[in-house]
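**Student:** So the sequence lines, in the order shown, correspond to chains A and B. Residue 141 in full-length UniProt numbering sits at position 141 of the first sequence, and the numbers go up by one each step. Residue 160 in full-length UniProt numbering sits at position 160 of the second sequence, and the numbers go up by one each step.
For the record, the hints were derived by calculation from the structure and aren't laboratory data. All figures in this text were calculated on a predicted structure; none of them were measured in a lab.
Okay, derived cross-link-like pairs now, DSSO-like style, lysine-lysine, Cα gap no bigger than 27 Å in a straight line:
id	chain 1	residue 1	chain 2	residue 2
1	B	K78	A	K2
2	B	K78	B	K56
3	B	K78	A	K78
4	B	K2	A	K78
5	A	K41	B	K36
6	A	K159	B	K3
7	A	K36	B	K18
8	B	K3	A	K135
9	B	K176	A	K176
So the chains spell out like this:
There are 2 protein chains.
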Amino acid sequence: MKKFEEKTYHTETIYSGKIVELNIDSVTLPDGNTSKRELIKHPGAVAVIALTPDGKLVCVEQYRKPLEKSLVEIPAGKLEEGEAPYTCALRELEEETGYTTKHLQKLTSFYTSPGFADEIVHLYFTDEVTPLEEKVDGDEDEFVELMELTLEEAEQMEKEQRIHDAKTAYALLFLKLQRDK
Amino acid sequence: MKKFEEKTYHTETIYSGKIVELNIDSVTLPDGNTSKRELIKHPGAVAVIALTPDGKLVCVEQYRKPLEKSLVEIPAGKLEEGEAPYTCALRELEEETGYTTKHLQKLTSFYTSPGFADEIVHLYFTDEVTPLEEKVDGDEDEFVELMELTLEEAEQMEKEQRIHDAKTAYALLFLKLQRDK
Chain A
1 MKKFEEKTYH
11 TETIYSGKIV
21 ELNIDSVTLP
31 DGNTSKRELI
41 KHPGAVAVIA
51 LTPDGKLVCV
61 EQYRKPLEKS
71 LVEIPAGKLE
81 EGEAPYTCAL
91 RELEEETGYT
101 TKHLQKLTSF
111 YTSPGFADEI
121 VHLYFTDEVT
131 PLEEKVDGDE
141 DEFVELMELT
151 LEEAEQMEKE
161 QRIHDAKTAY
171 ALLFLKLQRD
181 K
Chain B
1 MKKFEEKTYH
11 TETIYSGKIV
21 ELNIDSVTLP
31 DGNTSKRELI
41 KHPGAVAVIA
51 LTPDGKLVCV
61 EQYRKPLEKS
71 LVEIPAGKLE
81 EGEAPYTCAL
91 RELEEETGYT
101 TKHLQKLTSF
111 YTSPGFADEI
121 VHLYFTDEVT
131 PLEEKVDGDE
141 DEFVELMELT
151 LEEAEQMEKE
161 QRIHDAKTAY
171 ALLFLKLQRD
181 K
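Next comes chain A alone, as it looks inside the complex (with noise of 0.2 Å):
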């Protein structure tokens, strides 16, 4: 048995959606009780550490309606159906950012919210982008705004909670350290 192991004994689909699945899964606790777990299906996600020739940090602002603002984050989106991470992560740099690469490097992956959500970064890192020759259409739904930032203004940006999320913050601390190095 694994550590802590909780134990379904039942499960309850209370919405499956475009992005979001919510089940409520009743579980046997490791001291034999029982309790009821919230828990977020999600198809996981990739992000890109993209940097310009120059050394800028490729961002994008769009507006989140979950929080009701416009962040500064570092590209992104989620996976399709059957889409390997790494198709998914130069698709999302081209259709954001009008950059493409040949050198998409893994950093990491991680848990964004483990919980109550699967939700899983896969996390890239290029700094060879050139630009497209065309422009690829992203969601119709979705309206981004191209940054181009250095470190400096981005940590400003982080300062002012324009940017405010996980993955570029952990973004930023990596930049960080590859400078310091």
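Please arrange chain B on chain A, whose structure you already have, making use of the hints.
**Tutor:** Just chain B, lined up with the frame of chain A:
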């Protein structure tokens, strides 16, 4: 109007539970078309980067039902209704690790999954912990095991994906940057 704002003209609450609420918002997009957004409301959370006097990172291992496996993470937990993040951070540190502190420094905050959820994590730091004289009980349906890790041990666990969540990945980069200073 906020940049790229999406105006809600209808909200349907699908589920309102102990931790999450799921709403479907019907929205008008910046180009006048309409779309639907699946939105998870979450009370918000805290996490603590806590170092023992000998410089080890205080972590807890716990079963994460959404992933059906145990993860090793920095201590964390969700805000109770009306609870201040600082109070919550101290409470979670005490409940999950048996340590307390008089010096809890706010580092930053970030949204974990801005595409579909409003969960925010408030991140704190302390390198001055002392063991509690009397153990404080945490949630009755929560089972955690304390671990104290050197940065090298934690990085090894990250390679093995036993450490595999955004806030702890951020914490390891933060500590690496501190050490390299």
